[in-house]
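Protein chains in written order, with this note's numbering: chain A, 1 to 361; chain B, 1 to 560.
Be aware that one or more of the hints could be misleading.
Stated by the list, open to error - Quick look at which bits of chain A chain B covers, simulated, 3 or more residues with Cβ under 8 Å:
#, segment
1, 51-60
2, 103-110
3, 321-330
What the hints contain is simulated information worked out from the structure, not anything from laboratory work. The structure presented is a predicted model; accordingly, all values stated were derived computationally and were not measured. The beta-carbon is built from N, C-alpha and C at its ideal position, and this holds for glycine as well.
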Amino acid sequence: MSAIVSVEDLVVGYGDTTAVERVSFTVAAGEHVTLLGPSGCGKTTTLRAVAGLERPHDGRIVIDGVPVYDRGAGINIAPEKRGLSMVFQSYAIWPHMSVADNVAFPLRVRGVPRKLARTAVERALALVDLADFADRPATRLSGGQQQRVALARAIAFETKVVLLDEPLSNLDAQLRLQMRGELADLRRRIGFTAIYVTHDQEEAFSLSDRIMVMRSGRIEQQGTPAEIHAAPRTRFIAAFLGVRNIFAADIAGASSDTVVEARLADGTVLRARDPWGDGRGGHAAVAFRPGAVHLEAVAASGRAGNIGTVTRSLLVGDMAQIFICSGPLEICALARPRSDFAKGSSVAWRVDPDDCLVLRE
Amino acid sequence: MVTQQTRPSFLPAAENAMATSLCLLLAVLVIAPMLAVAFGAIADGGGLSARRLATVLASTRIIANTLFVGVGTTALAVAVGGALALVLVRIDTPGRAALEQFVILPLYVTPLLTAIAWSWLGSPRGGLINLFGREVLGIADPLVNLHSAGGVIFVSALAYAPLPFLLVGGALRAMDPSLEDSARIHGASPAKTFARVTLPLALPAALGSAMLVFVQAMGLFSVPAVLGMPAGFHVVGTEIYRLINNYPQRAGQAAAWGLLLLAVTAVFVALQAAVLNRRSFVTVTGKAFRPRRIAVGPVRHFLAGLVWFYVAVAVALPVLTLAWAALVNFLTVDVKLMAFDLRHFRYVLFTYPKTYLAARNSLLLGAATATCVCAIGLAAGWVIVRTRGRMRGFLDQVSMMPLALPPIVLALGLLWTYVGLTLVPIYGTIFILLVAYVTHYLPFGVRAASGALRQLHPELEDAARVAGAGLAKTLRLVVLPLTRPTLAAAWTLLFILAMQEVSASILLYTSRSTVLSVAVFDLWEAGNVNALAALSVMQLVVTFVALALVLRTRQREVAA
Chain A
1 MSAIVSVEDL
11 VVGYGDTTAV
21 ERVSFTVAAG
31 EHVTLLGPSG
41 CGKTTTLRAV
51 AGLERPHDGR
61 IVIDGVPVYD
71 RGAGINIAPE
81 KRGLSMVFQS
91 YAIWPHMSVA
101 DNVAFPLRVR
111 GVPRKLARTA
121 VERALALVDL
131 ADFADRPATR
141 LSGGQQQRVA
151 LARAIAFETK
161 VVLLDEPLSN
171 LDAQLRLQMR
181 GELADLRRRI
191 GFTAIYVTHD
201 QEEAFSLSDR
211 IMVMRSGRIE
221 QQGTPAEIHA
231 APRTRFIAAF
241 LGVRNIFAAD
251 IAGASSDTVV
261 EARLADGTVL
271 RARDPWGDGR
281 GGHAAVAFRP
291 GAVHLEAVAA
301 SGRAGNIGTV
311 TRSLLVGDMA
321 QIFICSGPLE
331 ICALARPRSD
341 FAKGSSVAWR
351 VDPDDCLVLR
361 E
Chain B
1 MVTQQTRPSF
11 LPAAENAMAT
21 SLCLLLAVLV
31 IAPMLAVAFG
41 AIADGGGLSA
51 RRLATVLAST
61 RIIANTLFVG
71 VGTTALAVAV
81 GGALALVLVR
91 IDTPGRAALE
101 QFVILPLYVT
111 PLLTAIAWSW
121 LGSPRGGLIN
131 LFGREVLGIA
141 DPLVNLHSAG
151 GVIFVSALAY
161 APLPFLLVGG
171 ALRAMDPSLE
181 DSARIHGASP
191 AKTFARVTLP
201 LALPAALGSA
211 MLVFVQAMGL
221 FSVPAVLGMP
231 AGFHVVGTEI
241 YRLINNYPQR
251 AGQAAAWGLL
261 LLAVTAVFVA
271 LQAAVLNRRS
281 FVTVTGKAFR
291 PRRIAVGPVR
301 HFLAGLVWFY
311 VAVAVALPVL
321 TLAWAALVNF
331 LTVDVKLMAF
341 DLRHFRYVLF
351 TYPKTYLAAR
361 NSLLLGAATA
371 TCVCAIGLAA
381 GWVIVRTRGR
391 MRGFLDQVSM
401 MPLALPPIVL
411 ALGLLWTYVG
421 LTLVPIYGTI
431 FILLVAYVTH
441 YLPFGVRAAS
451 GALRQLHPEL
461 EDAARVAGAG
471 LAKTLRLVVL
481 PLTRPTLAAA
491 WTLLFILAMQ
501 EVSASILLYT
511 SRSTVLSVAV
521 FDLWEAGNVN
531 ALAALSVMQL
541 VVTFVALALV
551 LRTRQREVAA
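Chain A with its partners taken away, still in its complex shape (with noise of 0.2 Å):
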């Protein structure tokens, strides 16, 4: 009962594509839920239709207990009048106005007294570093400063829900990453809800409590960002963390089985896990990070591997990626660089069961 958001069955499209396709999803208070995923996959589509600027074909979104749009009941609610906060991707923030301006417009405009309204937008500017810069125009701040602007804009009010669309996406590298930190910081002290919109999976895994995975308008996977690292669920979700081995594979065992035996297109037989204890229908693929695949020299092992032939070795930091071709297939490795790794060897490479992932398509 402590879900604040609560979005089901959330139809939207534009014209005849569907942008979001039957999402359900429900944010605890004081969470920070992730929709993570590639452009197009419906993820801003979702948050702006939960703020109200888009309009839905169908479903139900609740708000703190009130349906601010219900396609059965006929409800759909003004923006405006959903109590809610939004930091933009674009910052938004209204040129014409102060600083100090654009952070009191959520105040003043819902009727905060000036003095209440004063009050609030120095606690906001103070928690975003910003309280010596109320009355600079908004014109004359740098991209990290309309940032923090946008952000304070967002808490002065105190609304219960704050939604995040990509907010630190139009920032450079080094500043992303000190936004990230604050971010995550502010949260902390004013512990307000959060929907947070991103496709950088970074972002996502720090910042979240829970990740939702979305593909094109559905959600993929849902789970704590632990969960969704050890355990992508499909081929997608795993190409899109950036796993770099997956390949197609014939699962022998039962559908209950937790340790399974996976066939590749090379003949090799890995044995895998299958968390998912669910039917793994006629296509499956197993997925394991370089890192997992434990490389020997084809003399030095003793036991029985499976033997590959070196392709080229690239130089990554201390490490080196080692690419095997065991027939079809190109399999890449983390290793020590060595000599015995060289183009042209031949190695022998395995993984352990529980490094390697069946994966659902």
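Go by the hints and put chain B onto chain A.
Chain B only, in chain A's frame:
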């Protein structure tokens, strides 16, 4: 928060209400007069008949004259305006910055005043040029005769050439110079590049401006009334005026003429759309390019001379003639007889009874028109730029329709709509003129506002909405302040244009709702040329002061 009631349409209520009321308003403003003209043309007693249409179609002389003026004016104006655009935008013409400002001035001098001034200069017997030829040069035959079909086309083209100049010039500026570069690199000579790349890319703008000029020229009243009627040269515009203003009024016959004009302009618009559809290409990317100027060597001085010649003929000469006629005691070319004083100004200001009323009405109408058009333009522009759906499409289409509606036809439509409509008793008041002006200038306001809105990141409004501001507050606190520079410039230009409108006013005014342009025309018909000149000069002074203000505020914007 829970008190929000259900909305079956699922459009947020405020947006829905605004879009719906705009659709209704535009239907009343734009579509009702067109339907009324069609109805007036075929209504006959209690029934319907094509009798009046047949009469109209049998008047082949007037139809031929009108088409001659329409096509001739369009061709000449597009040629002159297009050439001006090329010379001032794409060639390193000396003094082009100043010239660009000067060549649009004919829009503000107005066709009526240009025609009157040229009538004094070029009438076959009393024209100053011909008097000068006879008395100074000793040539008995008139040098020029502007009281003719050629005179009507010449003066109309001079007055309307700024429209093609603005549109073609805009297209040339928005053209990516790399399109021409790549033609050159792939082996085309400069001339071939011009013919095969530049001209075709400027074609949509040229055709668009041709459409605008054609619609104006087909329904033209002022120039043919001044230059054509004395020579027995009648067009549809003057014919409609005659049918409405002579007793007994024959409004049905006039409506038949109006319907014919509507049909012709509709065909022309459809043709233009067909040509543009077949070759649709995006040259206007919204990106501003620095147009590459072609260095033409010493020829550039000659080209600058030609542009100055246009400015002299279309602006300087008419304005100087008016000023001279306002100050001289009576029109003569004999220097010994010329005496100058302010008696005509005194007469117009203190004796002529209509001046005060007309000036007050014109100022009121100018301000009211500009305000209404900017307000409707901003609201309609917002729906067009920011929403999707059927109402958006309707507003987008209908708000541009007045461009294809000659003002004299619009006025006819309003007569047929509001005469006898006691429910809305605006006939005979300045409100019917306001309705006419607002409708006529609506496309201008919608274009200006939607252009400004497109420059505005939509998230600026989204942010205001989520922060708790409703649609009205968002428009007032965010959209209006951010579009204010554009709207202020549009307001001033609309104020000037509305103060000068003739073609619609001439059918709609009554003695109590007369306006300055009508007063000028009255004085012309009465032959009181000096008073006319004095009144015109005062009107021009107000116009140019207002224009100078627009230019200054615009320059401040650029500087800020």
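These are the hints, each one checked on the structure:
Counting residues of the segment 51-60 of chain A whose beta carbon lies closer than 8 Å to any beta carbon of chain B gives 4, which reaches the threshold of three, so the coverage claim holds. Under the rule that three or more residues need a Cβ within less than 8 Å of chain B, the assignment of the segment 103-110 of chain A holds, with 4 such residues. Residue count for the segment 321-330 of chain A with a Cβ under 8 Å from a Cβ of chain B: 0. That is fewer than the three needed, and the coverage hint is violated.
In terms of the numbered hints stated before, the structure departs from hint 3 and from no other.
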